[in-house]
Each structure stands twice: as C-alpha cells, then as structure tokens.
Amino acid sequence: MSEYLVNLKINDLSVSVPEGTTILDAAKKLNFRIPTLCHHPDLTVAGNCRVCVVEQKGSRALVASCATPVSEGMEIFTNSRKVRDARKNVIELLLSEHNADCTKCFKNGNCELQDLASEYRVGDHVFIDLVKTSARHEIDISSPAIQKDDSKCIRCQRCVRTCHEIQHVSALAVVNKGEHQAISTFLNKPMNDVVCTNCGQCINRCPTGALAERSYLDQVWDMINDETKHVIVQTAPAVRVALAEPLGFDPGNRVTHKMVSALKHIGFDSVLDTDFTADLTIMEEGTELLTRLKKALVDGDKSVKLPMTTSCSPGWVKFIEHTYPSLLDNVSTCKSPQQMFGALAKTYYAQKKGLKAQDIVSVSIMPCTAKKYEADRPEMRDSGYKDVDYVLTTRELAMMIKQAGIDFESLPDMEYDRIMGDSTGAAVIFGATGGVMEAALRTAYEIVTGSEVPFKNLDILPVRGFEGVREASVTIDGCTPEWSFLEGVELKCAIAHGLENAYQLMKAVYEGKANYHFIEIMACPGGCLGGGGQPIPTNEEIRSKRAQAIYAEDSGLPLRKSHDNPEVQQLYKEFLGAPLGHKSHTLLHTHYKGRKRY
Amino acid sequence: MKDKKLKKVDLIFECNDCKPVEVLEKTLKRDQDEIILDIIDSGLKGRGGAGFPTGLKWKFTKNEDSAIKYVICNADEGEPGTFKDREILSRVPEKIFVGMAICGYAIGAKEGFLYLRGEYNFLLKDLNATLDKFNAQVKDLGLDFTISIKSGSGAYICGEESALFESMEGKRGEPRNKPPYPTVAGYNSKPTVINNVETLAYVTMICRLGAQQFKDMGTNDSRGSKVFSVSGDTPIAGIYELELGMTVQEFVNEFGDGDTKAVQVGGASGSCVPRKNFADTIIGFEGIPTGGSMMIFNSSRSMYNVLHDYLEFFAEESCGQCSPCRIGCQQLLKGIEAVKRKERNPQYLEDLKKLAATMKLASKCGLGQSVANPFTSIVDNFKEEIIY
Numbered sequence: 001m002s003e004y005l006v007n008l009k010i011n012d013l014s015v016s017v018p019e020g021t022t023i024l025d026a027a028k029k030l031n032f033r034i035p036t037l038c039h040h041p042d043l044t045v046a047g048n049c050r051v052c053v054v055e056q057k058g059s060r061a062l063v064a065s066c067a068t069p070v071s072e073g074m075e076i077f078t079n080s081r082k083v084r085d086a087r088k089n090v091i092e093l094l095l096s097e098h099n100a101d102c103t104k105c106f107k108n109g110n111c112e113l114q115d116l117a118s119e120y121r122v123g124d125h126v127f128i129d130l131v132k133t134s135a136r137h138e139i140d141i142s143s144p145a146i147q148k149d150d151s152k153c154i155r156c157q158r159c160v161r162t163c164h165e166i167q168h169v170s171a172l173a174v175v176n177k178g179e180h181q182a183i184s185t186f187l188n189k190p191m192n193d194v195v196c197t198n199c200g201q202c203i204n205r206c207p208t209g210a211l212a213e214r215s216y217l218d219q220v221w222d223m224i225n226d227e228t229k230h231v232i233v234q235t236a237p238a239v240r241v242a243l244a245e246p247l248g249f250d251p252g253n254r255v256t257h258k259m260v261s262a263l264k265h266i267g268f269d270s271v272l273d274t275d276f277t278a279d280l281t282i283m284e285e286g287t288e289l290l291t292r293l294k295k296a297l298v299d300g301d302k303s304v305k306l307p308m309t310t311s312c313s314p315g316w317v318k319f320i321e322h323t324y325p326s327l328l329d330n331v332s333t334c335k336s337p338q339q340m341f342g343a344l345a346k347t348y349y350a351q352k353k354g355l356k357a358q359d360i361v362s363v364s365i366m367p368c369t370a371k372k373y374e375a376d377r378p379e380m381r382d383s384g385y386k387d388v389d390y391v392l393t394t395r396e397l398a399m400m401i402k403q404a405g406i407d408f409e410s411l412p413d414m415e416y417d418r419i420m421g422d423s424t425g426a427a428v429i430f431g432a433t434g435g436v437m438e439a440a441l442r443t444a445y446e447i448v449t450g451s452e453v454p455f456k457n458l459d460i461l462p463v464r465g466f467e468g469v470r471e472a473s474v475t476i477d478g479c480t481p482e483w484s485f486l487e488g489v490e491l492k493c494a495i496a497h498g499l500e501n502a503y504q505l506m507k508a509v510y511e512g513k514a515n516y517h518f519i520e521i522m523a524c525p526g527g528c529l530g531g532g533g534q535p536i537p538t539n540e541e542i543r544s545k546r547a548q549a550i551y552a553e554d555s556g557l558p559l560r561k562s563h564d565n566p567e568v569q570q571l572y573k574e575f576l577g578a579p580l581g582h583k584s585h586t587l588l589h590t591h592y593k594g595r596k597r598y
Numbered sequence: 001m002k003d004k005k006l007k008k009v010d011l012i013f014e015c016n017d018c019k020p021v022e023v024l025e026k027t028l029k030r031d032q033d034e035i036i037l038d039i040i041d042s043g044l045k046g047r048g049g050a051g052f053p054t055g056l057k058w059k060f061t062k063n064e065d066s067a068i069k070y071v072i073c074n075a076d077e078g079e080p081g082t083f084k085d086r087e088i089l090s091r092v093p094e095k096i097f098v099g100m101a102i103c104g105y106a107i108g109a110k111e112g113f114l115y116l117r118g119e120y121n122f123l124l125k126d127l128n129a130t131l132d133k134f135n136a137q138v139k140d141l142g143l144d145f146t147i148s149i150k151s152g153s154g155a156y157i158c159g160e161e162s163a164l165f166e167s168m169e170g171k172r173g174e175p176r177n178k179p180p181y182p183t184v185a186g187y188n189s190k191p192t193v194i195n196n197v198e199t200l201a202y203v204t205m206i207c208r209l210g211a212q213q214f215k216d217m218g219t220n221d222s223r224g225s226k227v228f229s230v231s232g233d234t235p236i237a238g239i240y241e242l243e244l245g246m247t248v249q250e251f252v253n254e255f256g257d258g259d260t261k262a263v264q265v266g267g268a269s270g271s272c273v274p275r276k277n278f279a280d281t282i283i284g285f286e287g288i289p290t291g292g293s294m295m296i297f298n299s300s301r302s303m304y305n306v307l308h309d310y311l312e313f314f315a316e317e318s319c320g321q322c323s324p325c326r327i328g329c330q331q332l333l334k335g336i337e338a339v340k341r342k343e344r345n346p347q348y349l350e351d352l353k354k355l356a357a358t359m360k361l362a363s364k365c366g367l368g369q370s371v372a373n374p375f376t377s378i379v380d381n382f383k384e385e386i387i388y
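Note that the protein sequences, when read in sequence, are chains A and B.
Using our numbering, the first residue of the first sequence is number 1, and each one after it goes up by one.
Using our numbering, the first residue of the second sequence is number 1, and each one after it goes up by one.
Hints in this document: simulated from the structure, not taken from any laboratory.
Honestly, I wouldn't trust all of these hints.
To be verified - One-sided excerpt, in silico: chain A residues whose CB lies under 7 Å from chain B:
id, residue
1, L93
2, E97
3, D101
4, F127
5, K507
6, A508
Stated by the list, open to error - Straight-line alpha carbon distances no greater than 30 Å define the calculated DSSO-like cross-link-like pairs of lysine-lysine that follow:
id, chain 1, residue 1, chain 2, residue 2
7, A, K132, B, K342
8, A, K88, B, K178
9, B, K178, A, K29
10, B, K353, A, K132
All values reported here derive from a predicted model rather than from experimental measurement.
Ideal Cβ positions, reconstructed from N, Cα and C, are used throughout, including at glycine.
This is chain B alone, in the form it adopts within the complex:
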C-alpha cells in the first residue's frame, strides 16, 4: 500500500461523449436490487466526509415499507476549505441529477431534492435550467421521479443531514436525535437517502463504467477516487480528482511549496498532520478521511492562528442546541486565548484536551464531536506555537 503513488483520475469532470441521461436510460432497464448490489460492490462510501457505504444506505431505505420516500442531494458544502461540490454543480450537474434519479428508481422514491448551500444561489439559474430539461427527460423515460432545488440560508450546521431535513421542513436547522436514522425517518419523517453531490456523481460513473473499474482503484477501505479541494500554501491551488490511498507525503510532494509544515486534512473539522507524520498517514478511511478539503500550511503560518480561526468558526456555527458543543467551542476558543495571554498556565491545555474529548463523546452531532480533531491534533503537534 505504501508504494502507491499519487495518481490523477478523471471520472467526475470527464466529458468525452458524456451523456449522463443515457446512463440513466441504460440503468433503468436493470433490476433495482441489482443496481444496489452493484453500488455496494463498488465499495463507494459517502464523499461528504463521514464515509457511510452508499449502497447500504440505499438498501436500508429500499427495505423500508413506505409509500413515500425521498432522495436528497446534500449540496450544502460548508466545510472550510472545500469547494469541489461547487465545481461539480456548475460543470457536470447532470451527473448529479442522474445519480439521484437512479437512486430514486432503486429505492422507490418519486421525489428528489437538491439542498443548495445559500452561498451558492448564484448557481441556481443554471441549475434550474438544466433541471427543467432533465425532469422532462426523466418523464420521457417513463420514470416517475421529479427533482427540485431548495436553498439553504448559510448555516454550516445544515450540512448535517438531520439538521438539513429540519431546515427543509421550515424549522430551525438543528440536528435530531438518532436513531431514527434518515433511512427510516428522514425528510418529513419518511425514509430518505441523503447523499453528497460527489457521491451521486460517482454513482452515475459507476453505473456507466461498472463497479469493477471503480473498485480497482484505491485501497481496501477506500475504494475509487475522490475530488480534492487543495488550498493554502500551494502554487497550484484548485480541484483535483485523485485515486484514494496516497500518503500525505505523496500529496505534499505534488502540491506543497517545498516548505510545508502541516496539512489540515478534512477541513476545519478534520485533523492536522504535522510534517513528521506525512509519510505514515494515509488519506482515506484507514488513515485520515476527508470530505475533500486539503489545506496546506508552510512554516510562515502560525498554527495558533489557524486553530483560533477554526474555533471561532465553530463557536459561531454550532447550532447552540447541545451544551458540550455550544459551550465547549467557546471554552476552547477562550481557553487558548487565555493561555496565549498567560492568564492561564500551559497546563490548562490539558483540561481543554479533556474537554475536547468530552465533546467528542457527548455532543449530539458530528459538529461538536469533531471539534476535538483539529483541537487535539494542533495542540499536540504545535504546543509551543499555542503557548508562546
């Protein structure tokens, strides 16, 4: 595995004889269970970051006995440092819609929604134009499935699936208690498949190329390729589709500026990998998973400032509902400020790490649970920068 080299791939954006609707037409002739088995077999895991096996999600939802089911595309791309969904939405929206329609067909849903990040409303006009055409084509194919778009209002938390449902239902965007999971009770409390933009685009490609071709890429735990948003101290910031399984070192060799000190894998809620761990850290589910955000920092950057920015972000974007997250984020932020100002002694960082661990254990949703990732990884690896 270690000798795997960074390999660029072109599935998502490739458009040579790219006719997604033909993929749909072809796929609609197949048996639903067979499609789901194919998706399971491909090893495709959710590309939003959490990495739940996509095919299983579909299978669970299909098995639910309900006349009404939904397919939702999560296009609330809010993780700091990720901007790949925006690109997929603007360049290959049909691949997303086809993925949704295939899912609708496979699980027996008649309605699909694309929940679009409020800040991406500038894409609405083009998306709706494509969608109008697409909905008509779906109808022509004889599939009873219609997609519409709902706009968010800019809250990070609404990317969390159950908060997204609440927002779609016109309520405050707050995560729900789980169980029940979306496959049982999602939007309007009906069985719902909710997949990330990129995941659905991959579904289309898997249905076009077959599961095997996808499965041949990547590693055991991280099959296929993935789209990365590369930013920070790099001469070639941008969007890249890469085969999964590379190490951070390979990534840095390709994208770094020669002075890379750390890479934040997975956005603000991901983990910080310091130079000493580059070679041993795999980007993927066996190492550090990412929804796509890769932020590169060189030695001119203060990791205190990086962490401070992240914590400010979380303190503001926590929905505020559960106490560990609402208060914990503020305490971590004010805590490192106090240590920096020498109002608390460096030992206080240990209390804060315990707090971060509590947040990971006791928070209601992924937001609060993941604040410990950047906090602990930055504090552990760059303690001096935090204190002095």
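Okay, chain A solo, but in the shape it has when bound:
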C-alpha cells in the first residue's frame, strides 16, 4: 500500500488513510461498520452484492464501499436515508430469492444473511417469493463431503473466487446469465464427479447455508446410543485450537482437555488422539524419505521419485490426482493420520481390547471436509472394514456439545484414553502449515545422526509462518555409519499451503525447475488450522491466533519428537515390527489414482 495519505470525511469525521484504501476499510478505521456479503478478506473484491453501498457526495449513484478506493476530499455517508433505504431493499431482494427456511438450515445462527435480515428488521415479505417459483431446489448430495443447495445461494461468488484464487481448482463457476445465473460445475455435473478436492474452503466462505458439509451427526448419535457398539473417537491436532470459537471463546484458546472431557460426556467409549497416528506418520514417512534418498543417492535407483511430497492432506491428494497424475509417484505412500488411525483401530486396538472389529465404530473429529471423502475411498478398508466410519467437522462437534447441553467452560480437564491416546508436540504441529515438515525433520535428523536437529528448543522457525511457499534446508552433520552417505548433504525442503501455492510449487517440480528432496503440502490456507471444517469465520487474523495456540501446545508438552512417543514405540514392538515393514505396508500405506480434469 502507498505511503501517500488521502484525506476524506466519513459521516462528517475526518480521516487520513493510505492511497488505495477502500471506503470500507477507511470507515472501519473510524469504527463505522458497513455491512458486507460478497466481501471476504481472503479474496479479491467483487462488489456484486451491493449491500455495502454508501453515499458519495456529488455522485448520482451510490458506490460500493468494498470496491471503491478513497480519493482526496471525498465525502462519504454510510447511514443516510438514501443508503438505508437502498440497503434494506437489496436485503429484501436477496431474501426473495433465498430459501429462508432458517430453522432447518445447518447454518442457522451462523449466517451473514440472517444477521442482516434481523439487523434491518426485514419482516414482511415485500417481494414475490422467487424460490418457490424456481427450479433451483434439488440439493446436490452426490459428494460425501460437501452439499450444495442452490436455493440458499445468493450468488455472491465467494465460493467461486475461493475455488479459483486460493485453490486453483475452479470446480465452482458462474453459469448462465440474468434470472438463470447460477453457481455450478463443469457441465452442471454432480459435485462428486468434478475436480472438486472436497477441501471445503468454499463452505468456510459461504455467507449462507448454500454450501455446507455433509453432516453425519445423527448417525454418530445413533451409534453412541447403540449398546452393542464400541464407539471410539479420534481428534485431529487442529480441532483443539478452534473448537472453542463456536462455543463462545475468543480465537486462539486451547481446549484440548475440555474437549476430551466433553467427548466422554457425550458418550464415546474411548476418546483417542489422531496425534498418536501423526507421530506414527512421521515414523513411516520419515523412514520412507530416508529410504528414497538411499535408493536414489546410493543405489542409483532411477525408479525412485524425488522430491517426495507429504500425503496427509486429502484435499491435496485429490488435487494432484487431477492436476499432475504423472507426479503421483512423488507422493508419499503413507496414509493420512486419520486413516492410519482407522486401520489400527479395527486391528491393533481391537486385538488389545479384546473386541471384534465389526463391533467397533470409528469416528473422527476433523478440521476438514476432505477427510469425509477420504474415509469413503475404496482403498481405505485395509482392516477388512471401513477404517473410519464417520468423520465430523470441528463445527459438527461444537454442535454436538451444544446438543448435549454441556457447559463447556466449566468442564474439568481430562486426559485421553489409552491406547492410542499418547502424543508429542511434533504431532500437534501437524495442524499448522510447515508442521509436518518440522516434525519430520526433528525425527529424521535424529535417526540419521543420533543427535537433535540443530535448532534452539527444537523450534525449526524457517519452516513456520504463513508465506505461501517457503523453502528451508538443513545440512546433515555427524551421520551414524549406517547413514554415512548423507554426511554433509543439504536436505532441501519446501512447504506450500493453499492449493494455488501448491500448484505453483508442483509446476516447478513438473518442469524440472525444483531440486527439493522433501515437500510438505497442505490444501488449506494456514494448514489444517484453516481447514474447511473449521469454525466460521476463518480469516488471516483467526488463522494466526490458532497457529500461535498450536505452537504453544507443542512447546508445553514434555515429549516433542514423534519417535519418543511411548505408545508408538510399543506399537512397533508388539504389532507392526519396523517402519515400512510388512504390516505397515498393508495397513498404513496406500496408492493413488490418476484422474482427469474434466
């Protein structure tokens, strides 16, 4: 933004803001709130809902404050009669084409249009109901992750911009014009048959309930109430730093042990931690990386692909299946922590607890919607059963807690159950972009050299942060004899979050312009903490508070390296043997499927 300051008046108050600032942001500076719908801080400006119109002295028409930059001497009125009348009229119009069946809506109570309707007291139905006379009624539930209800769509195009700008996917686009204009997919195909990665970033930015996760809340309650079932639940790292938000806390609160308490209260038979399999992922993936390096550098095996990329983000996995199917051999064969957990739940856990696999119902709480799709993939049945039966988002868990009538704030802290409840700080940071990289480096470096990574307090700061693509390198110093071929090697790493950034990075790999060894990719901005299943709103400020909470959780834990997780050590001893061993291969690794863009 420019250094040059522009002076203007808003509602007769003077303000100076840098050139290029919008009227909306200038008004914010004076604490005048202007309502918006199509505006989202993560996205480019659209200026199409027209709810944010304001009066500019000397201008015949009202101007969209989100889309109009300030100019010298400008005089703006945000609450004149003209503005209020027009704004109310626009809201009434939006409601006339919106299926305002709020009581049945998943977004009831968390809907920007509902808020505006209530703020402007839009009670009487002024205009003709266009929803009843339109054919836009069928809800697309083809996808196991995302449902799309066009009758609730207000055509703000936040989803379209998200899918295009942040994710480079463009599964959603605008079709037709005028009264037939809609947000649709390629050839209007069902959501499950298009390039959609199920990341759910569109849901996170949808101001209404037009896009929402497929909810399995009722099914999970049914299972909990079924006496014959042993229902276990795993909680992903990023859930604990966001769950508090929809329960009335400020962003950045860590509620790990209250969450455990709530889940027990709800009636899960065992409350376990995805962190456990995050640590396990590091063991498998770290070993896979070192094995690939050995094969490539020592054995000269040309079939080994480098760089190796992570595979824990199912949105990313589907993205690369569509976008660069020729690079699928670069993707680690490791399942995501959720699916490793699922496969072990119905084998190892069943065995240890003396349960039959068919009696176990495995539920996961995820900051993610793509995990719903992942759990449904046909490859994810290596236990002989569906490894993960139901996936709930952070939002759904918050709803469950409310339904159960639990006063979250007064809950006592409780510990995760055993087994598969132990975790380390390395697992917690899986929830932030760069976290898997950091965890992998903490372990791989120590496997190879026998000593800790050369970073103060194990904090590998270069891999942290929100820069879209980040690079880091670690020079390996003091290898044990077994790994002597890595002595002095500069291990080159890259990290990307958000699929647009991932695309840029993989394009460089595809074109042979990148010489990394290891790449971490998370489909969502900020990593899982900004996942499509996280509380709404999510924006840069909130993501950064959640990230702070994640790193605070890590540094507060006694164990901070995955290979130190005692339950993981026990698992290898009693069940798996060694990383990349036969059993690991069967249960913890998978393969991918090349897909077309269209």
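On the provided structure of chain A, position chain B as indicated by the hints.
Okay, now just chain B, sitting in the frame of chain A:
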C-alpha cells in the same frame, strides 16, 4: 431552442468524393494534442447513449503513461430498437476504421479492435476484406496501427464497456468495478479508448470538415447530428441522420402515423415519453438522450405489453452478477404480472417504483441502473394500462 425544426443531415452516409483514408492522411500530419483539442472543441459526445465527451476520453488516455494502449470500437449494438450501427458498418466501414486510426495516432496506441455483436457476424466477411485493405493503407502511410475484429457471442451486457473488455479477454462478460475507468485500465488492464461505431465515424467527419461545422449544429449540450433508428408505428421506419435538439413533437410530426401515443426514446433502457410531454421534451442531453433507438407506439398498443417485453428482456440479459439488477429485474417483471392478475393490489406498483429507484442507485453498471427509466416512465404515464 424550442423553434428548432427537425433537420435531416447527411454526414455519416454521404459518400460524394468520400475517401476516408485521405482524411487520415491529412490528419496524420497534424499534432496529436491539436487533434484531441479539435475533438473536444467539436462538442462530440459518445453516440452509444451515455454521452461522455469523446475528446476528453482521448485526452485522459493520452495522458496515461503506458507503452501499450488500445482503441476499441464498440460495435456490440444490442439495445432493442437500434440498428444504425449495422448500417454504418455495412455502408461506410472505412469511416469507422479511419476514426479508430486517428484515435490510435492521437493517444499513442498501436492496436485497435472492433468488437462486433455476435448477431452481426454476417458482416464479418465484408468487414475483414475492407479491413485488410485498410490495414495495408495505414502501413503505407507509416502509421504503426493495426485493427482486428473480435466477435461477441450475443450477450447484451457485453455492450457495457468493461464487460466488453472481459469478454475480449476470454472471460465471462461481467461489468467491472469502477474506478478504474477504461482510460486508466481497460482491455488487458491497459489504458483504452472505447468509442461507439457512430462516434468514430463522426470523428472522421469532424477531421474532414473541421470542428466548427459540426459544432454549428445542435444545441449547447448536444452538438452536431446523430443517426436515429426509427421503428414501431411509423410508415417510414428506417435510419435517419438528424440534427440534435428537436423536440419529440417535431420528431412525431415527421415520423408518426398520426395516432402516436408514446415514443420510447433510447431503446428498452431509455424513457417513455407520453403524448402530453411531446412538445416539452428535447431529444438530447438536455432532455432525453438516446443511443439512437426511437420506438413509436400508437394507440392500438398496450403499454403493459411494451413494459412486459422490456422487463423480460432485462431479466434475461442482466449478467446476474449484482443483486439489485439480477433480482430486481425479475421482481419488476413478476410484480407487474401480479398486479395485472390482481394477485397484488395496485399500491404494489409504488413498492416496485421504490425498487426501481434502488436499482438506479445501487446497481453495479448501467444496465441495472437504467431499468428504472422505462419502468418509472411507463408506470407513471400509463398506470391504468398496467393495472387493468
């Protein structure tokens, strides 16, 4: 002003010793700023309907510091009831191309595009033949300026300049937020002059005859002459070039069938003038401006049907991007249907007029902003026909 009589003019189509390229050759010897000052001085305003002073547009674009600039001829003639650009394109295309080349020279653009309405693709063959010859002549004159033609796909909204740029760039034809204006960031986000077909043809004539001759015609606010597309209940429908400044009464005297009840000035997005206002309404920027469309209705016509047709058109041709226009057009259409069917009481028309006012204030582009023109003028003047 009132005693000004309707006067036919023949600048655009006149072809006695009509050699536009000679005008170009002559003009290229002049100083760029001088040409622009001449165009400003002539008082020429955009003939597409909005009426922005052409010379100022050129001046703003010339002043932009950019190695790449464009000249675009807007030949997306889509306003219901206008067909004069088609005639200019088929009869005197060279005058348009010369206008573009003069503009290119004046503002420092090397590329020009003619954005042709999809429905006019039947003109492409002839236009391209003329253009090939013309581009070669321009080269011979030593001017680095090439024109090519891009075809639209039939969306009304692409006549809106920023939607036109989007369409040219291969995107959905949706209007952009303004500012920035085209003179700063138009096609490919570069400074762009975009002028209507007729405007550019007039540029050629102004450069040939001098600004004064043009300026001598018309009124203070509406200089020169203009080409009108006359249709509806008239025995002599067709294309006429007329001096600006006449009243609707004078127009009706010339073109009406003796039973004229209303004239829709400016196409579907223009305003309806009822008989009682004929004498007091000037056709031009001091009265009701028009891009050229003049639709005449006699007393056998139902103004409900006229308005209904317009609203159907807008409900379909709104790009759908902004809520006031997308939903507003549908509500106005369904609203008058409901009143007609007695499902809503006549008082509902007042709500609809408020809505039309909101659309005028809050819509993103000229399309949504102008729906209020036909709506309010027809409802106000022919209320009984709408209700009963």
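Worksheet item: What hint numbers does the structure not satisfy?
Response: Structure breaks hints 3, 5, 6.
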